[in-house]
Each structure stands twice: as structure tokens, then as C-alpha cells.
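My request is simple: use the sequences and hints to build the entire structure.
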Amino acid sequence: DAGVIQSPRHEVTEMGQEVTLRCKPISGHDYLFWYRQTMMRGLELLIYFNNNVPIDDSGMPEDRFSAKMPNASFSTLKIQPSEPRDSAVYFCASSFRTIAKNIQYFGAGTRLSVL
Amino acid sequence: QKEVEQNSGPLSVPEGAIASLNCTYSDRGSQSFFWYRQYSGKSPELIMSIYSNGDKEDGRFTAQLNKASQYVSLLIRDSQPSDSATYLCAVNIDNNDMRFGAGTRLTVKP
Numbered sequence: 001d002a003g004v005i006q007s008p009r010h011e012v013t014e015m016g017q018e019v020t021l022r023c024k025p026i027s028g029h030d031y032l033f034w035y036r037q038t039m040m041r042g043l044e045l046l047i048y049f050n051n052n053v054p055i056d057d058s059g060m061p062e063d064r065f066s067a068k069m070p071n072a073s074f075s076t077l078k079i080q081p082s083e084p085r086d087s088a089v090y091f092c093a094s095s096f097r098t099i100a101k102n103i104q105y106f107g108a109g110t111r112l113s114v115l
Numbered sequence: 001q002k003e004v005e006q007n008s009g010p011l012s013v014p015e016g017a018i019a020s021l022n023c024t025y026s027d028r029g030s031q032s033f034f035w036y037r038q039y040s041g042k043s044p045e046l047i048m049s050i051y052s053n054g055d056k057e058d059g060r061f062t063a064q065l066n067k068a069s070q071y072v073s074l075l076i077r078d079s080q081p082s083d084s085a086t087y088l089c090a091v092n093i094d095n096n097d098m099r100f101g102a103g104t105r106l107t108v109k110p
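From first to last, the protein sequence lines stand for chains A and B. Using the numbering used here, the letters of the first sequence map in sequence onto residues 1 to 115. Using the numbering used here, the letters of the second sequence map in sequence onto residues 1 to 110.
These are computed hints drawn from the structure, not numbers from a lab. Check before you lean on any hint, since a few could be wrong.
[As the list claims (entries may be wrong)] Computed cross-link-like contacts, DSSO-like style, restricted to lysine-lysine with a CA-CA straight-line distance of at most 27 Å:
(1) B:K42 - A:K24
(2) B:K42 - A:K78
(3) A:K68 - B:K42
[Unchecked claim] Not the full set, but computed from the structure, chain B residues with beta-carbon under 7 Å of chain A:
(4) S32
(5) S43
(6) F100
(7) A102
[Claimed, not checked] Per label pair, the in silico range of CB-to-CB distance:
(8) A:L115 - B:R28: 41 to 47 Å
(9) A:G3 - B:E3: 25 to 31 Å
(10) A:G16 - B:D78: 49 to 55 Å
(11) B:Y39 - A:V53: 32 to 38 Å
(12) B:G29 - A:S7: 34 to 40 Å
(13) B:P14 - A:L115: 38 to 44 Å
(14) A:P84 - B:D55: 43 to 49 Å
(15) A:R64 - B:S40: 27 to 33 Å
(16) B:L46 - A:L115: 30 to 36 Å
(17) B:Q70 - A:T76: 32 to 38 Å
(18) A:N71 - B:R77: 42 to 48 Å
(19) A:S7 - B:S40: 18 to 24 Å
(20) A:P54 - B:K109: 44 to 50 Å
Ideal placement from N, C-alpha and C gives every residue a C-beta, glycine not left out.
The structure is reproduced here in C-alpha cells:
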């Protein structure tokens, strides 16, 4: 399996622009997670999906952030409008739930820089 | 109180020594515990999972869990320079959520 695939790997944009990050989970996994990692705050869970349905979005920082999962093999995280404080590495992870084992596999991440 | 706490380090050990990494968590109902390793500029990768009290060994790595004390640790025996990374403790808060510690930065000096 190719693992969790994220694109783009790097994104540089200007403040106010829309940013869309993409993720393809591991085939057969029924959970998908979006994380943000910064030096100051560490790894933070933003939102997760189960069978394409958003379950908990309490980690989404504000209304500028939105996430969708239109099918089992694709998810997007959108920031509109972007701000410099959104600069971070965004990770997508997927897992297959088996009696609470919940081992998550991470993609390579998208490094976002908002100027 | 943070849900998952780790010493941020940095922790420095000589090559061949035992590195000991510690983690405490706040939710007594937690059932699943994980250690991830993250090299600089890379994504976290799972190295150990543990679900019941006691020790679990995998090669040079040993995870230890004490649910009564809400404590989980990772021991790395015969530390190698290639073990230099940040180690993240992760805990299932409930069946649907996972929280990560801030990570402990480990440096193994040749």
C-alpha cells in the first residue's frame, strides 16, 4: 500500500488567499484525521471523520477552516482566508478501528507558509 | 492540566546507553497508548503500542504501562545515533479520539 498521500507537500501563499490541502487515506481505513503541528502548540487534532462523516470538529480553530470527505478515498482541508498564523505543518492520518486499537498512520504532511 | 504530558527535553544520552522517556495522562478511562517517533521534517511513525499493564518489548524498545499511576514509558536499549528524534506519546482519550503529548527530543551522542 502506498500509505497516506497528501498534497501538496509545500504551499506558500499570501495572506487572504484560499488554501486547499488534500489527503488520500489508506485503502480500507474507515477513520481519517487532520492534525496541525507547530513548535508552540505541538500536534493538534483539528477534525476527524468516520466513514466519511465528520465526527468531531471541535479542534478546528475558527470558521475560516473547513474540511470535507466526499468519499472514502479523498478529503480536503480548506482555509479561507488564510492568515500568517496558519503557517504550520498539516498532517492527515488514517486508521482502521479494531476494538479500540486505533493505530493511526500519518501522511508526509503539507508545510504551509502564509506570508 | 494537559491531557498528555511529557518532559520536553532535550534528553541526551551516549551511544549504547538506555534512554528513558516518560509520559503521564489525565483520563483514567484511556485504553490504548502509543509511542510515535518523529524525525526532524518528517511525519510521526508508530514504534510501539500497548494496551494492558506491564511491559511490552519489541527489539531494543520496551513500553511500560501503569494504569493505576496513569503513566506510560518507553525505554530504548543500546541507543544509537539513528534514534535521535522527537518521541511523541499518544493516548486514546475515548474510543473516538486521541491526544498527543508535546514530545520529548532525544539526542544520542556517538
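**OP:** Starting from the hint list further up, note which numbers the structure goes against and sort them upward.
**Re:** Those not satisfied: there are none.
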